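Novice: Turn these sequences into a full structure, and let the hints steer you where they fit.
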Amino acid sequence: MGNRYDIAIIGSGPAGLSAALNASIRNKNFIVFGNKDLSTKVTRAPKVNNYLGLYGVDGKELKERFKTHIDSMGIEIVEERINAVYAMGDYYALMVNEKIYEASSIILATGIEYTKPIKGEAEFLGRGVGYCATCDAPLYKDKIVTVIGYNKEAEEEANFVSELTEKLYYLPMYQGEYDLKDDIEILKGRPLEIIGSDFVEKLILTTGEVVTHGVFVLKDSISPGQLVPGIEMEEGHIKVDRLMRTNLPGCFAAGDCVGKPYQYIKSAGEGNIASLSAASYLDKLSSKK
Amino acid sequence: MREINDSSLITEVSNGVTLVDFWATWCGPCKMLSPVLDELSKEISDIKFGKVNVDENPQSAEQYRIASIPTILLFKNGEVVDKIVGFRPKAEIEQFIKKHV
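For the protein sequence lines, the chains are A and B, in the order given.
First residue of the first sequence? That's 1 in the numbering used here, and the numbers climb one at a time after it.
First residue of the second sequence? That's 290 in the numbering used here, and the numbers climb one at a time after it.
Source of the hints: derived by calculation from the structure; they are not laboratory data.
Don't take each hint at face value.
[As the list claims (entries may be wrong)] Per label pair, the in silico range of CB-to-CB distance:
id	chain 1	residue 1	chain 2	residue 2	range
1	B	D295	A	F199	20 to 28 Å
2	B	I299	A	K188	43 to 51 Å
3	A	N35	B	E368	45 to 53 Å
[Unchecked claim] One-sided and incomplete, this derived list gives chain B residues near chain A with beta-carbon spacing under 10 Å:
id	residue
4	W315
5	P318
6	C319
7	L322
8	A350
9	P359
10	K365
11	G367
12	D371
13	G375
14	P378
15	A380
Just so you know, these numbers come straight off a predicted model, no measurement behind them.
Just so you know, even glycine gets a beta-carbon here, dropped at the ideal spot from N, CA and C.
Specialist: Below you can see the structure in the form of structure tokens.
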């Protein structure tokens, strides 16, 4: 039996870190997922003059201050990518490929870097469009499938899917060497639109079009709606109330992923609120038992 | 939950409201959804619950044009009246069922 965390924080930008500080102060058993560079958006900032108390710093300095702060509190960041978060009822299951983490509550602090959907992608979801090629490949036996790959890992999935399908197209969204089986046809160009009637029929590209029964979109960063099935969105952001509660009990969100303005101190403030809300949710949860 | 196959599907769903979960062993989201549906099947007695393994029953998957799993179909007297594609939290599936009973 694995360890169930009180709080799992997804994201290591200002919102996630501020949430982590407060979780640590409240003595919760928590885990933070993100990367050692904390946030590429922070490190890229040339000058920051609107973070109260830290006048005239640049992005790199700000990142160093954040790093010093979490280090001195003994907070570590787990460099793993969460593929999906499932609301199981009284806990959340966080999937990292084949590994599962469990947490009683979660704080989403994923920022807003995900790529826009392709025209028709949402419309044909479940009717030819999918995000899990390995899940759905057997349903496309003897059919034509297109994999739109945003990273190297997509190649592995494409190779697997090609064993079952009649024909497989691979549309790489990055430059490099492609490690693909010989019978996979590599497409050039950018995707413009997925079209069809009841089900997917064609993929329109900047360079032409292909007839296809299925389109798998394998992205680098995924939108919150895909990451946490069932979460309520509003105009491209996670819908939250003043206590940073989402529509799912025990799931909180903070920072750019909940809406504008996209600012560091706003994110940090929201991370703080989310963490305190998670703490009071946990108190109620334990008093119920 | 009752296992349904290609030959029993039509009769299983012909009467009343039946929720059918299309799943497969290799599908991660299906694995997470199945305990949620198991729980619901114990709590809700107004409808029947069943599951179809798409790997073993390609005919049913083809007939109902299942293009993604997990997919939940809700049958009313043999007709599909609603569906859910992908994992959904328990409360949402409960709402989805309540709409039809």
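Novice: Indicate, hint by hint, whether the structure satisfies it.
Specialist: Hints, verified against the model:
{"no.": "1", "hint": "B/D295 <-> A/F199: 20 to 28 Å", "verdict": "21 Å, holds"}
{"no.": "2", "hint": "B/I299 <-> A/K188: 43 to 51 Å", "verdict": "46 Å, holds"}
{"no.": "3", "hint": "A/N35 <-> B/E368: 45 to 53 Å", "verdict": "50 Å, holds"}
{"no.": "4", "hint": "W315", "verdict": "7 Å, holds"}
{"no.": "5", "hint": "P318", "verdict": "7 Å, holds"}
{"no.": "6", "hint": "C319", "verdict": "7 Å, holds"}
{"no.": "7", "hint": "L322", "verdict": "8 Å, holds"}
{"no.": "8", "hint": "A350", "verdict": "6 Å, holds"}
{"no.": "9", "hint": "P359", "verdict": "8 Å, holds"}
{"no.": "10", "hint": "K365", "verdict": "20 Å, violated"}
{"no.": "11", "hint": "G367", "verdict": "20 Å, violated"}
{"no.": "12", "hint": "D371", "verdict": "13 Å, violated"}
{"no.": "13", "hint": "G375", "verdict": "5 Å, holds"}
{"no.": "14", "hint": "P378", "verdict": "4 Å, holds"}
{"no.": "15", "hint": "A380", "verdict": "8 Å, holds"}
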